[in-house]
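Undergrad: Listed below, chain by chain, are the residues.
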Amino acid sequence: MAMTAKDCTVYEIPDGPPEPTLAKPFFDYATMSQGDVPLVIDNGSGMCRAGWASELDPRLEFVSLVSKYRNRKVSADQLLLVGNDVHTDPMAKASIRSAFDNGIVTNFDAMENILDYVFTMLGCVDDRIAQPIVMTEAVCTPYTSRKHMSELLFEGYNVPSVTYGIDSVWSYYKNTGSLDTDGLIIGSGNTASHLIPIYDARANTEQCKRIGLGALQMEDYLLKLLQLKYPNFPMKITDWQSRELVKRYSVVAEDFDKELSCYLTEDNLADKDVTVQFPFPMPTLDVRTEEEIQRATERRREQAKKMQEMAAKKRQEKVEQRAKELVELLAIREAKDQIEAGEFVMRLRQVGLAKEKDLDAAIASAQQVVNRAQNKELGIEPEEKEAPTFPLVGIPDEELTDAQKQEKRKQVFLKGSHDARERMRVEKEKERVKQEELARVEEQRRLNDFDEWLADLHAKRSEVINRIDERRIRRKDLNDRRSHASQLRMRGIADLAATESPANGSGNKRRRRGDQDDDFGAEDDDWNVYRDISKETTEEDEEDEAELEKYNRQLELHAPDYLESLDRAARAKIENTTIYRFSEGKQPAILDKPAAPQKIDNDVIVARAAREYQLHLNVERIRVPEIIFRPSLVGLDQSGLLETIEGIVKRTGHLSLVNNVFVTGGGFAQVSGILERLKLDIQSVVPVGTPVSVRRAADPLRDAWRGAALWCTNEAESFKASRITREDYLELGGEYIREHGASNRYYAFPASIDSPSPMQQ
Amino acid sequence: MPAYKRGKKSRPSSAVDTPVHLDVAKEAEPLANFRESGINNLYAVTKPFKRTSEYMSTGRWKNLKQVVAQEQTKDWPIEYPTYWSIDAPPSLLPQKKYCDITGLPAKYTDPKTNVRYHSAEVYQIVKTLPPGSEQHYLALRNANIVLR
Numbered sequence: 001m002a003m004t005a006k007d008c009t010v011y012e013i014p015d016g017p018p019e020p021t022l023a024k025p026f027f028d029y030a031t032m033s034q035g036d037v038p039l040v041i042d043n044g045s046g047m048c049r050a051g052w053a054s055e056l057d058p059r060l061e062f063v064s065l066v067s068k069y070r071n072r073k074v075s076a077d078q079l080l081l082v083g084n085d086v087h088t089d090p091m092a093k094a095s096i097r098s099a100f101d102n103g104i105v106t107n108f109d110a111m112e113n114i115l116d117y118v119f120t121m122l123g124c125v126d127d128r129i130a131q132p133i134v135m136t137e138a139v140c141t142p143y144t145s146r147k148h149m150s151e152l153l154f155e156g157y158n159v160p161s162v163t164y165g166i167d168s169v170w171s172y173y174k175n176t177g178s179l180d181t182d183g184l185i186i187g188s189g190n191t192a193s194h195l196i197p198i199y200d201a202r203a204n205t206e207q208c209k210r211i212g213l214g215a216l217q218m219e220d221y222l223l224k225l226l227q228l229k230y231p232n233f234p235m236k237i238t239d240w241q242s243r244e245l246v247k248r249y250s251v252v253a254e255d256f257d258k259e260l261s262c263y264l265t266e267d268n269l270a271d272k273d274v275t276v277q278f279p280f281p282m283p284t285l286d287v288r289t290e291e292e293i294q295r296a297t298e299r300r301r302e303q304a305k306k307m308q309e310m311a312a313k314k315r316q317e318k319v320e321q322r323a324k325e326l327v328e329l330l331a332i333r334e335a336k337d338q339i340e341a342g343e344f345v346m347r348l349r350q351v352g353l354a355k356e357k358d359l360d361a362a363i364a365s366a367q368q369v370v371n372r373a374q375n376k377e378l379g380i381e382p383e384e385k386e387a388p389t390f391p392l393v394g395i396p397d398e399e400l401t402d403a404q405k406q407e408k409r410k411q412v413f414l415k416g417s418h419d420a421r422e423r424m425r426v427e428k429e430k431e432r433v434k435q436e437e438l439a440r441v442e443e444q445r446r447l448n449d450f451d452e453w454l455a456d457l458h459a460k461r462s463e464v465i466n467r468i469d470e471r472r473i474r475r476k477d478l479n480d481r482r483s484h485a486s487q488l489r490m491r492g493i494a495d496l497a498a499t500e501s502p503a504n505g506s507g508n509k510r511r512r513r514g515d516q517d518d519d520f521g522a523e524d525d526d527w528n529v530y531r532d533i534s535k536e537t538t539e540e541d542e543e544d545e546a547e548l549e550k551y552n553r554q555l556e557l558h559a560p561d562y563l564e565s566l567d568r569a570a571r572a573k574i575e576n577t578t579i580y581r582f583s584e585g586k587q588p589a590i591l592d593k594p595a596a597p598q599k600i601d602n603d604v605i606v607a608r609a610a611r612e613y614q615l616h617l618n619v620e621r622i623r624v625p626e627i628i629f630r631p632s633l634v635g636l637d638q639s640g641l642l643e644t645i646e647g648i649v650k651r652t653g654h655l656s657l658v659n660n661v662f663v664t665g666g667g668f669a670q671v672s673g674i675l676e677r678l679k680l681d682i683q684s685v686v687p688v689g690t691p692v693s694v695r696r697a698a699d700p701l702r703d704a705w706r707g708a709a710l711w712c713t714n715e716a717e718s719f720k721a722s723r724i725t726r727e728d729y730l731e732l733g734g735e736y737i738r739e740h741g742a743s744n745r746y747y748a749f750p751a752s753i754d755s756p757s758p759m760q761q
Numbered sequence: 001m002p003a004y005k006r007g008k009k010s011r012p013s014s015a016v017d018t019p020v021h022l023d024v025a026k027e028a029e030p031l032a033n034f035r036e037s038g039i040n041n042l043y044a045v046t047k048p049f050k051r052t053s054e055y056m057s058t059g060r061w062k063n064l065k066q067v068v069a070q071e072q073t074k075d076w077p078i079e080y081p082t083y084w085s086i087d088a089p090p091s092l093l094p095q096k097k098y099c100d101i102t103g104l105p106a107k108y109t110d111p112k113t114n115v116r117y118h119s120a121e122v123y124q125i126v127k128t129l130p131p132g133s134e135q136h137y138l139a140l141r142n143a144n145i146v147l148r
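Going line by line, the protein sequences match chains A and B.
Going by UniProt numbering, the first sequence opens with residue 1, and the numbers climb by one from there.
Going by UniProt numbering, the second sequence opens with residue 1, and the numbers climb by one from there.
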């Protein structure tokens, strides 16, 4: 049974993100900055979060984007928007830039803007940033990037100290309470996913691995998949919409291959397929009520009646005019004998006639018109014309005079055409009787043996349909010059030409005209000649269409269910294909030529318009997040999540890591089902009985910031020891860091090899 | 060589001066014309905490690829983790093949286009793909032909 559109839940997706409100700055910098409270900045490539370490949550949360642009309506000067504010002015859209390149800060102009924004929004009015800065950085940040960052912080803002750490490790700290517990962090961010083992109470970046996939890659992959799946989608799917779709509907399959193999089966489809409705323009509708429509038809009918009446009146007037004329003409004829010839001619001239003969003709025609009108009024049918007689035809020529001979020739001709007409009429009559008889027999059969009659009708109907289809296919084939059908046809024509030209004059004719080779076929358009020739197919088509229409009418009259069932079968045939399920889910198929009459009301029109703007997510839902387990899906030549975990466990020799797998970040960590999948996968590769536990951060997005804030307070000792002071920066260079449990490693190049730091210069 | 040159940074004129006397709380003074025209124009704000005279960016930034290439020339100890050394290694497991069109498991590959497909039914689609468009499908798994 086909489902109607109403049975499927349709999820709506808006055009874009909700209109952002202007970010509001804080004004309590003076009170907040009392003492040595650190400023914590989670400097992620997707989102930036900043606030005071003394508070539980970050004050600021915004997308790490910057837009420098011009808008003459606002100002003649260049404008600069940062964070969520970039979306407040549509003009800014084209100039949006990020400070990051694959999760690493590379554009420090944009970074500077972001830091300006952070300090401005926190309400800093001092002449320097007097707070210690705690900032996250990517795992194994290149020295160059860190050097620029330190330069920016120390020289641009004159900060007293900075502490760098890894975001996901701080998130781990927040959720575990310390770094003493061994564990394996899976920090999946915007552009990459890092696997960091925690043992010896610190993040072991030596054993860390990175898979270059994050939220951005999922978004990108889904977008490309949808663009290929719906090449004719009427609107552009935006990045934001794609990201939203990933966030809402993607799930990690527990057993990808198993789920995949039965994803598009009929039973599964109902709960796996997601119909997404994009905003669509409302079609113009006929919103009149039944009554109004009735009134409109009534009005039209009345108008038609009025027109008819007017026409009748006009006709009447004409007849009356002719009657008047007739009276006048008759008067002239009557007066002929009483008046002089000259006056008679004059009176004839007056009514527009030249000769006496014309007068008789005019009288006859006027009489005819008047008579006909009178007859019609009285309801008398015009009597059958008498059959013309041809008396001279049977008489032999010898007995006739020359004039009679001529007359006879005329009569012979007239008789011939008359006979032919008569024959045709008889034949037509016969045909009509035959048709009537056929219809009667048909009717009889229907009444006597309905089933057989119906079966017969079905057979005839499908035969017609087959014929139409065959011709359609042939026509389609003929359009392609390389197809079998058209090659056969060409061969036929060639054969014909070969056999005909010597015997028949057609070849010679051309030769006679003097052009042996007319370059026919040199251009592809020449071949259209043949396509034009095959006109007969359209005639046949019309005939068959008419026949089909006739059968349909009969079926509609006597077996209305049958056409419905035909449509149902046709729909089911389409709906049961993998491809249809893949792209249209459980929606009922729309037939090109439905056999049953279709009722098209406003609801149907709206539903069809809406469907144009719908798409279906099914296989994509598990296919997209699967890329982190099989990077080869997106052509990335890296090992997947499980293989990488396996490698880390093997290399570190810490099997206990798998008992505390911790998932955090804004990328794959957000996808539902990832914990279950990871657990099952890990269990399948570790020795039986090894305890495996996988958990997600309480808040995968904010816990990195919270962890950093918490760490500053709770691990005051480490924090103090890990501050990179201004002196450190000047003495040891921008890339220098003081290591701590949650930080990257530092390697100092021997002074002779490394370029000398500014102080040594 | 330090990456930053010291000098005066050119700023839009509106941000240079600080005459703000609007009815805003005193502590909010520098933010007075921040939201003036309905947008948070950061150029319109005075930033007292900045040392614009001390710091000026070169304005030219290397992208990550260039940065990495430059750093790779240095003599890093083998055990030290660097940005490029922590990349997950290529997979050693056999890679399963999936239908390029539907995403279902793929048993077949079209020798003409190299598109992998799930069944005969999907092959009908592969057959009717307009020339060149199979590259878009191949691009999904980075197997498309890139002309240089």
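Treat each hint with caution, since some may be false.
Claimed, not checked - Stretch-level coverage of chain A by chain B, calculated; a stretch enters the list once three of its residues show a Cβ under 8 Å from a Cβ in chain B:
1. 77–91
2. 420–431
3. 456–469
4. 573–584
Worth flagging that the hints you see were computed from the coordinates, not collected in a lab.
Model, not experiment: these values are computed from the prediction.
Every residue, glycine too, gets a C-beta built ideally from N, C-alpha and C.
Undergrad: Indicate, hint by hint, whether the structure satisfies it.
TA: Hints, verified against the model:
| no. | hint | verdict |
| --- | --- | --- |
| 1 | 77–91 | holds (count 9) |
| 2 | 420–431 | violated (count 0) |
| 3 | 456–469 | violated (count 0) |
| 4 | 573–584 | holds (count 4) |
The structure shown violates the earlier hints numbered 2 and 3.
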